[in-house]
Structures are given as C-alpha cells and as structure tokens.
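Sequence order for the protein chains is A and B.
Mind the numbering: the first sequence is residues 14 to 102 in my numbering, read in order.
Mind the numbering: the second sequence is residues 483 to 1197 in my numbering, read in order.
In short, the hints are calculated from the structure, not lab data.
Where is the CB? At the ideal position from N, CA and C, for every residue including glycine.
Misleading hints may appear alongside valid ones.
[Stated by the list, open to error] Facing chain A, from chain B, some residues (calculated, C-beta under 10 angstroms):
hint, residue
1, V544
2, Y663
3, W706
[As the list claims (entries may be wrong)] Derived lysine to any residue pairs resembling SDA-like cross-links, with alpha carbons at most 25 angstroms apart:
hint, chain 1, residue 1, chain 2, residue 2
4, B, K659, A, I77
5, B, K659, A, G30
6, B, K934, B, I861
7, B, K659, A, S34
8, B, K1147, B, V952
9, B, K659, A, L19
10, B, K659, A, G73
[Stated by the list, open to error] Now the stretches of chain A that chain B is said to cover, found in silico as 3 or more residues with beta-carbon under 8 angstroms:
hint, region
11, 19-30
12, 45-57
13, 83-95
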Amino acid sequence: MSAPFLLPRVLDLGAAGPLWSALAAQRGHGLTLDASEVERLGGLCLQVLLAARTAWAGDGFQIINPSPAFCAGAELMGAANLCGAKEAP
Amino acid sequence: MDPLESIKVTFFQECDELLADLEAGLLALESGQGDSDTINAVFRAVHSVKGGAGAFGFEPMVKFAHVFETALDAMRSGSLAAETDTLKTMLRASDVLADHVQAAKGQGAVDEARTLTMAEELAALTAPPETALGSVAPMGAAADEPPTDEWGFRPLKMAIDGPAEDGDGWTLIMRPKAEMYAKGDDAAILLRELGRLGPCEASFEDSALPEFDFLNPEASYLVWRVKIPGDVAEAAIRDVFDFVGDECPIDLTRGEAAALAPGPVAPVVDIDALLQAAKAETAASAPKPLAAAAPAPSGEDPAAKDSAKAPGPGAAATIRVDLDRVDRLIDLVGELVINQAMLQQRVGESDLARSSTVAIGLDELEQLTREIQDSVMAIRAQPVKSVFQRMPRLVREIAGSTGKQVRLVTEGENTEVDKTVIERLSDPITHMLRNAIDHGLETPEERMAAGKPAEGVVRLAALHRSGRIVLEVSDDGKGINRKRVREIAVNKGLIGADAQLSDDEIDNLIFLPGFSTATVVSNISGRGVGMDVVKRSIQALGGRISISSQPGRGSTFTLSLPLTLAVLDGMVVTAAGQTLVAPLTAIIETLQPKPGEVRPLGPRGAVLAVRGAHVPLIDIGVALGWRDIPIDPTAGVTLLVESEVGGRAALVVDAIQGQRQVVIKSLESNFQRVEAIAAATILGDGRVALILDVDAVIDARFLERIEPVSLAKAS
C-alpha cells in the first residue's frame, strides 16, 4: 500500500478535476486517502470519491483521519459511510 | 451585439444592483438595523454574483465570492456573530468583490494581493472549521442512521413499501446538472439549506455514476432524494432552489408514492390505477428504486413549474429597457415638441381666430405633447441613490488611508434626476468627498484637541430646489484656511499681493486652475484633478458650484445642476436682433423700468431700483458682445433674474417674444463651450437660438471677465 494521499482542504468545483487526475495516477495500487485537512466537501468531489471507491474495491480503498468537516459534508449528502474509518491504520 | 455579450451586460447591471444591495445590507447590519432577512439578502447577493461570474468564467471572482459566501453562510447559520468588526471586514470584502466586477467589465485591475489577504481574513472569520461546519447539525440526523451497505448506498425501501412511512412528509428529488456546479453552486450547499428548514434525510442514487476511468469530474451524475418533514412549507423548499432554477430540476411531492410518478399527473387519471401501476413499476425496478424517478423528461416539469411561479407580491413589476431606446424616444419627443412649436407658429401667422377649432385643437396638442414629454422624462429619471451608494466605500477607503475617522451621512437619496445627469454626478461628488475628508477633516487627535468628537461627519445631501437638483457635501472639519489659501494664490501669481478680497472670494480661489493647498500631495486628493476641473465639469453640465466655510466648523460645497439635460422652460427674448432663451427658473419677474428708477453707476454701469433695492442693470446685447452701446433700459424690457447663489440682476433685452418649452441641444458637443451661453435650441421657425446662462452673465458682470470679442465670434 502506497503512502496516504492527502486530500486538499477544499473539495469543491475547482478541486474535482485535479482530484480525479491525482487519483487516476494511483491506479494499480491500493488507495489510502487522508481526509484530515478537508474543510469542505462538495458534490462533484463526492462523485469522484464514490467512483474511486468502486474502482479500487479490489486493490483496497480507505479514507483515514476524516476531519469533522469532511464527515459533516459526507453525511449531508447521504454518504456518511465514507468517513467510517476513524482511526489511522 | 453578440447574444452572450448582451447577457453579460445584463449580468453586470445586475451585479451593480447586487453589490449595492450587499453594501446596503452590511451597513444596515453594522448599524444594528438588520435582521436574519438582511443576512439572507446579503448572502443571496454574493451568491448571485458568484453564480453569474461562474457562468461567464470569471474564475478569480468566483473563487473570491465563494470564500465570501462561506463566511456569510456561517453568519446566516448563526455560527458567526454579526459583530461590528466582522461586518467591517465584510464591507471591505464587498469592496474587493466590486473590484472584481469592475475588472471583469474590463475597467481596472484586481489587486491580487489584496484579494488574497481579504480571502484569508474571511476564511479566518469562520475558522476553526469545526465551529463553522458543526453548526450544520440539523442534517446530522443522517449520521445516526447506520450505513446500510458498505458502498454507502442506502436502498430507498420506503419507495417499495409505499406511502406507509412518514406519509405526510415531503419527498424531494433533486437532479443537479453540471451547469449548476459550473456556476459554483453545489449539491452540498442546497442540502445544507434544506437542512435548515428542518431535520432532513438525504440519500443519493449513483446508478448513473460511470466507472472511475470514464468519469468526467465536472459532470453531474448523482441524484439526491431528500425526506423533509411535512410541516415545512412548500414555498420554503422551493425557495432553496430559486437560485439554481433549471440547473437543478427538482420533483417535490407529498408522501412517498407520488414521488415515484414524477410525470405530469393529470387530474382525470384514475389515481388508484396510477398507484397500482407505480407500485408495479417500483417493484420491478426495486434494486434501483430511484432510477424510476430519474428519467430525463420529468426534469422539465418542475422547471416549468418554477418559472410559472408568480413573482412575490412585494416585487415591483419592472422591465429592463435598453437605454438607447429610451434616448431615441426622448429625441423623438424633442422633435415633436419642436414640430408642435412650428405648427403653432404657422397657425399664429395665418390670422386664424383664437377661438377657431384649429387653435383650440393646437392648444390641446400642446398639452398632450407636454404630458408625453414629462412621462418620457420620468422614465429616465432615477434616484441619486445609485450614485450615493458608491460613496460609503470611497469614504471607508479614504478614511483608512488618511487615518481619519469618518462617518458619512447621506440625505435625500431618493431625489430623482435625469439619467444623463446621474451618470455625470459620480466624479464631482467623489472628488468633493475626497477633498472634504482629506483637506476638511482633522485627524482624530486634532479633533480631540479642538474639543470635537474624534469621528468626523461628512454629509452628502441631495434636494430639489427651483427646478434644479442641489447637492451638498459638508464636513465638520477645520474649514478653509483662508490665510493659507491667500498666501498660495499670491505665491502662484493667481492674485496680486495687495488684492482686497472678501472671505467668499478667498474661498473661491480654490476653484482657480493650478491651485492645490495640500502641502504634501497625497494620493487621495493629489490625483492631478483640482477643484478647477470639478468646477469645469460641473459647468459643462450647466451646473454651478459654490463653497461656504466657517473656520473651525467646517465647509460646505454646494453644487446645483439642472434636473435634465433635455428640455427647459424658457422665455424667448430678442437682444440686438438675436433671439435668445432665458431659463424660466432664473427669472423672478419682468418689468419695464420708468426713467426715475434707473440710476447711472460708474462710467458705464447703471442700477435699477426695484422695490427699495438696487440691482445692477446688464444689457444682454452688450454683455454678449453684439453691440457696444447699451440701449435705453426704459425703451426695452428688463428681466429681473436671480442667480443660484442668490445674487440678483436686471437683464435688459429689446423685447419679449413669449414663453416656451425648448429642447436643449448641447453647444459643447456640436460646437464648443461659449461663455455665458448654456446651450442652444431650435425654435419653431427652424432657427437656432442660444440659451442664456444667467449666472455666468451675472458673474461676468461682477468680475468683468467676459471677453466680448470671443463671444461675438461664437455667435
């Protein structure tokens, strides 16, 4: 498993494209996303994360250290289980 | 015009209005007059600017508006208190946003460092994020529910079960489009908004979500279904989607089953049969319950519903009209007035009886023409508010850079004036305000020492006075330093060292070209624009500026302008064989002097005794350089006129032709500026007549400044 990928602070419209490209570059390895710094989560990035979760199902996908804001955003959009893993591996 | 370009123009117009609302709202909050509606309005303003900016790809503006909006959102949710300091920051942020709008218009550039600092300040307001985002707890209800499967997809079992569960609640299906995201809006924001209405429960449907490798990160795939408590008003829910409109179609239904039949439900349809069908369809598509609710055509329905929604009762019915069209109309009405005057003249010449039907019909036509003209002018009239609203920012900035404490008080913002005048008010007012703060007001220390409150007051007032608009800019500062003004004028050779000047005359020296009293050329007033330029630009508008000052108590600049630059009620007179128009507003009375009332004064002058007072007699023909020897005042007619500043004079003319409304045609744009002449007009017989600038004539008489040669050439 590669080093955790640190999610940017703001995951909104402008972040969706870069996030997708950054994650796409990680194909083939397990994916660990560090959400400790996230302050905002928007719908587009949620889509990227959801698609990534499905795509990485075989290689391993986890989100670690979700910030309260990340969890609040995920819950808001009905994706509370994205911030399921509370403790770092 | 390119259609996109014209939409852009509309957007900028809206931006100006929104920015004004934003500032007004923030100022109201700052003064403690605002409430939650004000906060909402302020938020909406920024939100709308952001939305439009996103549509036109003004990225920096979207980014900044976004940060601003986030802070306002925190204020709206109550996690950020509307304190004075916070509001001051937001006011400055609104200035930065205004800069962005200007830059987007292609006027001026954005100070990126300032934007960045401002954005950081705004972000700091809402930090720590826990506080800011924690407040969105109402939606937190969803957190209590255990995730139903490891993919976070919660099957919408209620859809299958029918309306049994929470049958009274609302079910909302929202299908954000990529365009909505592109404008900087977000499903998360909408959901948070909904959460504010009551404990909501959101779940999403991701059947449309492609595989990761085929995902377009900026396309919209997710559809949300939100359960909203039944006691929330429908209007409140729809309001949330007001801003996104067609970009996020919604289906809003009571209960559960109806949500599954999103197509138009005609009342004639047998409801039972429909329910059966809906249930059957639902059962068939059970694994993906929402898919049934997601077909595209249904998306058009709520949008249509939204647009069909009648405007609220408070919204005034207004339309936006291209200014060119109004101007064209005004021009045409001007032609109509001239034409009507010509017709009247022809009829008058044709020896028809006053009581003939033609003459009576013509009188009625005149009435109608005048009414049309008034109505058309009213279309273009605007309250000076639009100009005044820009001033608080200016005052803040000048106060900030001079270290002075200033409170701006505005009065009479609803005073209406023609658009042509409004557009040209901004610069002179700006300059006079700069001047008042930079030169007029003292520093807080000086003020305290002088026993005044540390905070200076600058008053900006507008009022109608005798058919003109009067603007006053006054401060409670130190007043004009007459000794210094005099010294400078002498040093610069503007006046002789031994000149005897009254206080008023000294005050007026600051309007002389090449005069500047600031010892240090500050970047506030010292922008190469002196009061002389202000005076010239005001005069070009047919206006006048005057100053009054009291040492230690402040100065007042008074600016008077015509309400419109299009028409004028005037008295048509003849002087030295030329036809002239004297503005009716300046004329007090007309009289024929008796020999005993005229007394010579000095080598050439004369005064007229009018009810115990003596006023100077001015022969218009001489004043304008058409003749050298004044006519005998008792042989002509005199017009007793009063200038804006209150000075009176008796103007001698050969004869009065009559009173008429004339259409003003600018001399500056068609010829050049002529001293003592305000403008020109076209008379009923098609000839051009000059419109007299009464004040200039009176001033010239006192200052003996008129050069008859140039005037004779001009005419």
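Against the structure, the hints:
For V544(B), the suggested interface contact is upheld, since its CB lies about 8 angstroms from the closest CB of chain A, less than 10 angstroms. The beta carbon of Y663(B) comes within 5 angstroms of a beta carbon in chain A, closer than 10 angstroms, and the hint placing it at the interface holds. Evaluation of the W706(B) hint against chain A yields a held restraint, the C-beta minimum of about 7 angstroms falling below 10 angstroms. Only pairs whose Cα atoms come within 25 angstroms are accepted, and K659(B) paired with I77(A) is rejected, the gap being roughly 30 angstroms.
For the proposed pair K659(B) and G30(A), the alpha carbon gap of about 16 angstroms is at most 25 angstroms, so the pair holds. A distance of roughly 45 angstroms separates the Cα atoms of K934(B) and I861(B); the hinted pair therefore is violated under the 25 angstroms criterion. Proximity of K659(B) to S34(A) is assessed by CA-CA distance (about 21 angstroms); at most 25 angstroms being required, the pair is judged to hold. This hinted pair checks out: K1147(B) and V952(B) have alpha carbons roughly 22 angstroms apart, not beyond 25 angstroms.
Restraint check for K659(B) and L19(A): the C-alpha separation of about 28 angstroms exceeds 25 angstroms, so the hint is violated. For the hint linking K659(B) to G73(A), the alpha-carbon distance of about 31 angstroms lies beyond 25 angstroms, and the restraint is violated. With a threshold of 8 angstroms between beta carbons, the proposed coverage of the region 19-30 of chain A by chain B holds, since 5 of its residues qualify and at least three are required. For the region 45-57 of chain A, the proposed coverage by chain B is satisfied: 6 residues have a C-beta within less than 8 angstroms of a C-beta in that chain, meeting the threshold of three.
Under the rule that three or more residues need a Cβ within less than 8 angstroms of chain B, the assignment of the region 83-95 of chain A holds, with 11 such residues.
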